[in-house]
Amino acid sequence: MLRRALAVSLLAASSAAAEPPLPFDLGGAYALTNQFGETRTEADPEGHAQLLFFGYANCLNICSAALPLMADVVDALAEDGIAVTPVMITVAPDQDTVETMGAPLAEIHPDFIGLTGDRATLQTAYDAFAIEVEPLFQDPEYGWVYAHGSFVHLLDGAGDMLTLLPPILDAERSADIVRGYLAPRG
Amino acid sequence: MRYALPLLLSSLALPATAAEGTRIQVTGEIIDTWCYYSGVMGGPDAVVGSAHHTCALWCSAGGIPVGLLAEDGTVYMVLKIAQDATSASGDTQLSLAAHTVTADGMFYERDGLNYIVVSEVISDMDIVNPTHEDYGTVPPFSFPEPE
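Residue numbers (this note's numbering), protein chains in the order written: chain A, 0 to 185; chain B, 5 to 151.
Because the hints were derived from the structure by calculation, they are not lab data. There could be a bad hint or two in this list.
To be verified - To give a feel for the contact side, a few chain B residues facing chain A, derived at Cβ under 8 Å: (1) T37; (2) W38; (3) Y41; (4) M45; (5) G67; (6) P69; (7) R114; (8) D115; (9) L117.
To be verified - Label-pair ranges, simulated between beta-carbon atoms: (10) A:A42 to B:T141: 23 to 31 Å; (11) B:G46 to A:T38: 41 to 49 Å; (12) B:S123 to A:D169: 26 to 34 Å; (13) A:D126 to B:S123: 21 to 29 Å.
Claimed, not checked - Here are some chain A residues pointing at chain B (derived, C-beta under 8 Å): (14) A64; (15) P165; (16) I167; (17) I176; (18) G179.
None of the values given here were measured: they were computed from a predicted structure. Here a beta-carbon is modelled for each residue, glycine too, at the ideal position from N, C-alpha and C.
Next up, chain B with everything else stripped away, as it sits in the complex (with noise of 0.2 Å):
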């Protein structure tokens, strides 16, 4: 993990766009989004938040595309994070696990799903939902016990 978690999976390197989105700033929590919807890990308030911080890194190093949950609920699937210039985006979505943001993009909706293409983090309010408090560590073996 050590190795892992400095460097990031950029889910997805798009160039420049072909068609025009819809501009929005939506805040949220960047979420890992396999554990929101498999519910393999616990219910959707269990894997949010400070409790599934280690699981979210895992995930996103793991190739798991990160999520922005909306305050309403919406989820959208972040394409990009484009807060660096260059490939090191990757490092933006692994130091964004479970924080909560407040994200300026290009919103696209297809085929039922809502994507995000986030130019820009305005800001970033670090982690805010203490889970951990009900939860503990989600899944308790996310966080290896020290040899």
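For reference, chain A alone in the conformation it holds in the complex (with noise of 0.2 Å):
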């Protein structure tokens, strides 16, 4: 109820069939590799739209927020026969390899791909979507903790940005952004 309510004063008119081009010059091409050894692009093999964020397999921050999150707008979608692929592009290249990344993922959806790279591979990626990677301090259970992008990012199956996600928002509310771009029309 209080979620509700507040969402009146976050939510301006209507939601998104036709919105314009985004304000924000977002998005572009890098080649990673992902947790099956395999270089996957900005555009998904299958066509698929995608949700994208830039975290860490193991981060205990906004990434325990967002993750989530996407595996939760992803399965909404599958009911309605939308079809998303959650996919992670890792700050901490260090710690996410494509031995260690794929596990964690798996426990947050097993769609999760997780795509890492050399340091300018994945510079190329930030770049893209201007995400600034600032190491913050070292946990000593948990390895270097890292400030980075905090928007879930929606692409089509090109790879083409749509629109961006706050990840504050709850997953009904999201999934409901996300059909705004990818229902069936016809």
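Build the complex: two chains, separate frames, hints provided.
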């Protein structure tokens, strides 16, 4: 009830069917490596839309809100027959390797794709989405803790940016926004 | 915390805008959007102002985007506070947590949400909402007990 009431103040008019182009120049090409050792670009191999977040698999901060939210949105949309792939590009390649990042992501959602790479290829992706990564401090148990981007990006199957999702929305509202871009028209 | 707080998470370091927004000036409080919307730490009156300042710092440093709660109750998701010319804008977000400010920037409405790219904080009135008088520290564990 409280959340519903509060949402009224955040939500302006109606939702998003025919939004104008993004007012921000975000998105672009990248080529990274997933947890299976395969190269993956900004385009989804099956042409599915994508929810993209920059974080790291063992992040206890914003990722612990954003990654489960992405999973819930993917599941909600799947019930409508809308396939969306959750993707995380690591901001901590020393911690998220091909060998290590798959298991924690699979715990969040079995379809989660983790992407890593060398510093240069990752920087290309960071630059495309205007992500600034800053090491904050080193946790003795979990390693480095990083500041990084906070928003979830909705991409189409070709990897073009559609919109942003604040990670503080609930899954229902987030799924509604995504449906506005992906629901079958006709 | 003492390591994290001086640093800041820039919620989104936007490049030059590719489309026009609407220039606005808004007076309101820089809030912790996670606690404000989730309700997990208490009602909306408890998670603003002085009572929630420490938690707001934790959330901001942990990656929660800050918002601007206007006097009329409208919440703007803050995409960037461009007071700093460099990527140190994160420090600005931390230093303004729970502060009431007047911000000048570009307003964008998208997907039913309000976004603002703050180009300038015209005035910073500091923390003027003394909610600790009614609520203490919210949540109490946000202020670690000294060992």
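Now for the hints, and whether the structure bears them out:
The interface hint given for B:T37 holds, since its Cβ lies 5 Å from the closest Cβ of chain A, which is under the 8 Å cut-off. Because the closest C-beta pair between B:W38 and chain A is about 5 Å apart, less than 8 Å, the hint holds. A least Cβ separation of about 5 Å between B:Y41 and chain A falls short of the 8 Å threshold, and the interface hint therefore holds. Among the interface hints, the one on B:M45 is violated; its C-beta lies about 11 Å from the nearest C-beta in chain A, farther than the 8 Å criterion.
Hint status for B:G67: holds, given a least beta-carbon distance of 3 Å to chain A, under 8 Å. With 8 Å as the threshold, the beta carbon of B:P69 comes within range of chain A, its nearest partner Cβ sitting at about 5 Å, so the hint holds. For B:R114, the interface hint holds, the least distance from its beta-carbon to any beta-carbon of chain A being 6 Å, beneath 8 Å. Contact between B:D115 and chain A, as hinted, is supported at the beta carbon level, the nearest pair being about 4 Å apart and thus within 8 Å.
Annotation: interface hint on B:L117 holds; nearest CB of chain A at approximately 6 Å, less than 8 Å. A hinted range of 23 to 31 Å is violated for the C-beta pair A:A42 and B:T141, which are about 48 Å apart. Taking 41 to 49 Å as the suggested C-beta distance range, the pair B:G46 and A:T38 conforms, at roughly 47 Å. For B:S123 and A:D169, the hinted distance range of 26 to 34 Å is satisfied, since their beta carbons lie about 31 Å from each other.
At about 22 Å, the beta-carbon gap between A:D126 and B:S123 stays in the expected band of 21 to 29 Å. Hint status for A:A64: holds, given a least beta-carbon distance of 7 Å to chain B, under 8 Å. Look at A:P165: its Cβ gets to within about 5 Å of chain B, closer than 8 Å, so that hint holds up. Given hint, A:I167 at the interface with chain B, holds; its Cβ is 5 Å from that chain's nearest Cβ, closer than 8 Å.
The criterion of a C-beta within 8 Å of any C-beta in chain B is met by A:I176, whose closest approach is roughly 5 Å, and the hint holds. Because the smallest distance between the Cβ of A:G179 and any Cβ of chain B comes to about 7 Å, under 8 Å, the interface hint for this residue holds.
Checked against the numbered hints listed earlier, the structure breaks hints 4 and 10; every other hint is satisfied.
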